[in-house]
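2 protein chains.
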Amino acid sequence: MTQGLTFSVLARDGAARLGRLDTAHGAIRTPAFMPVGTAATVKAMPPEAVKATGADIILGNTYHLMLRPTAERVACLGGLHKFMNWPGPILTDSGGYQVMSLAKLRRIDETGVTFKSHLDGATVTLTPERSIEIQRLLGADITMAFDECTPFTATVETVAHSMRLSMRWARRSKAAFAPRAGAGLFGIVQGGIHPELRAESATALMDIGFDGYAVGGLAVGEGQELMLRTLDVTVPGLPVDRPRYLMGVGTPADLVGAVRRGIDMFDCVLPTRSGRTAQAFTRRGTVNMRNARHAEDPRPLDDACACPVCRGYSRAYLHHLTKADEMLGPMLLTQHNLTFFQDVMAGLRDAIARGALDHYAGQFLETLDLGDVPPLS
Amino acid sequence: MTQGLTFSVLARDGAARLGRLDTAHGAIRTPAFMPVGTAATVKAMPPEAVKATGADIILGNTYHLMLRPTAERVACLGGLHKFMNWPGPILTDSGGYQVMSLAKLRRIDETGVTFKSHLDGATVTLTPERSIEIQRLLGADITMAFDECTPFTATVETVAHSMRLSMRWARRSKAAFAPRAGAGLFGIVQGGIHPELRAESATALMDIGFDGYAVGGLAVGEGQELMLRTLDVTVPGLPVDRPRYLMGVGTPADLVGAVRRGIDMFDCVLPTRSGRTAQAFTRRGTVNMRNARHAEDPRPLDDACACPVCRGYSRAYLHHLTKADEMLGPMLLTQHNLTFFQDVMAGLRDAIARGALDHYAGQFLETLDLGDVPPLS
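Those protein sequence lines, which keep their order, are chains A and B. So the first sequence is numbered by the working numbering: it starts at 49 and just counts up by one. So the second sequence is numbered by the working numbering: it starts at 49 and just counts up by one.
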């Protein structure tokens, strides 16, 4: 296999790894959290502000971009990096997940998925070959194999059937992927919460050979305990010399739990979506900025946070912005939340480097359970 | 009168002046355009980005802030500068204009205006004394006298009656204003489009004595020609050693016309509001970024513009953001539009300094009439 991406494990602490993934558009410090840039923008954030939160890499959504502005148009305009003015690494998903969650009138067969666009109702077909082509047109540093996402409620037979289809699609994805310097293709382990199916899937993917291995089909309603238990049985079966990516995860506590189990990469809309619904993340848990108790509170959101939002604004002001429906509210809360998530990752990386992950994780989770600071008397 | 603000005229070109207005929070280069920060935020812009567009001073709205979060709350939190994290000068309006345009069930008498809040229907009374108190609580560098805004359609008798009420309120505003170092009070000339009423109003204000003189009651539907004609008869009657502020104006052509007639300060929602409705200002006039002709256009909005938006993004991308209803669209268009307006002011200041205003203004207006650049072939 052409080695498109270079992954170096720099330190270990238990199952956790400190690493570095080099791409054509720069290095990614792992464990890494990838902000989601669905429609060629991390919502409410200019790219230089995303970078300033500490993000090395962002995620783009194949499904959204193929429909608007279309992959061909992005390619004509110089690729996704140039289009959205993000010079760093980009991972694109395969479109499979959004086809399941957003599109209407889906029909799945061996070839791929045919669906109606949620934007204009147009009929579109997505196959492994087309998904890989779209991701190439976008100029992804990390391309994801096309897979089917199985609902959490599916029977074990359905999960097995779906996983095996995804493995055949993974082989077609690999065949369709043209290796390029500094770019790579990740396979996606499926199999729901069933250890034997996860093992079968991991083996099938390693037989094909990928630059990295993602764990898909989690964070779909199974809860943190089942998710971590599934990682316990899945991660040890993945190659030690390749990055491992847990898709669509998660809360700060999820990130800590998954890093301790050897996951290197994450993506989630939680910090950005929460920023648009007045939910702020702090070291003492989440805070609803709409709550009237913040109305006269001169303190920052999180006094341990060094982000421009916590240095420049009071809770009272952030509360005012949310009450007044001012766009600056989502902008500032997204900026803080993304910084918070990047700080969590930086803390985990530092703890792994020091061999102090258990201690760090214990303190972090304990503080997270404290609840928000009490009101000023 | 205690001299709270220092205004220096540095150069003249015809009636136009290049100046500098010093306040407790810094200097304002005039002619100046003030972005509008209605509810303690210039919509869709963090304050450091507002500063980076070239703005020296912003405007805050007494009406909005008195209702939410309230002037007392802002004062408790350290004043408007600290609350919104804008360290530069702030001018607050008196609330009179918004009471007329936004509030319901108004009752005006000699004392002041009683109205129902557009937010919660609460009954509120605004008098000259209360308006000045609110502006002091907010910590305004420039406080505006409380006035009544007369509709453009009013008869000359109504305009005269209203103007004389505003002049009595101006005297009460002056009496209520406590001079502070680096802060000042502006009077507002009323009188509609009637030269004799404008002259009477200006004389009344000068008799009271203010730190600056605003021209109010324009840009309310009279059109550019009548507006400029009214300036022609009003501005020469104002003191030469005080700043002159044309309220609520205007388009780039309005700014050029008014500066040539001796106006030093402006405010308008046009660049910010347009930024939220996909209207972009360029040296060749306005452009609607929703228009499909931009969909594949790799060029910047305005190739003569050095702002981060024009340096970092294509028209195609800005079009995509507006079509996808992404918050980054209003954010970037507002940033560009505010930069454009500040560039207009910087160009005018430079032209005055060089004694070349007529030539500059002629070229500027000619280019503005060209219309947008033709599509790429």
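Please keep in mind that the hints were generated in silico from the structure rather than gathered at the bench. Heads up, some of the hints might be wrong.
Identical copies look the same in the list; a pair holds intra-copy or inter-copy alike.
As the list claims (entries may be wrong) - Restricting the straight-line Cα-Cα distance to at most 25 Å, the calculated cross-link-like pairs of lysine-lysine (BS3-like) are: (1) K164 x K130; (2) K371 x K130; (3) K371 x K91; (4) K99 x K222; (5) K130 x K152.
Since the structure is predicted, the reported quantities are computational estimates derived from the model, not experimental observations.
These are the hints, each one checked on the structure:
Taking identical chains as interchangeable, the C-alpha atoms of K164 and K130 are never at most 25 Å apart, the minima being 29 Å within one chain and 50 Å between chains. In this assembly of identical chains, K371 and K130 lie within 25 Å of each other by CA distance solely across copies; the values are 19 Å between and 36 Å within a copy. Proximity of K371 to K91 under the C-alpha cut-off of 25 Å is found in both arrangements, the shortest distances being 20 Å within a copy and 14 Å between copies. In the homo-oligomer, the alpha carbons of K99 and K222 never lie at most 25 Å apart, since the shortest distance is 31 Å inside one protomer and 50 Å across protomers.
Taking CA atoms no more than 25 Å apart as the test, K130 paired with K152 passes in neither setting, with 31 Å inside one copy and 49 Å between copies.
When held up to the earlier numbered hints, the structure conflicts with 1, 4 and 5 and fits the remainder.
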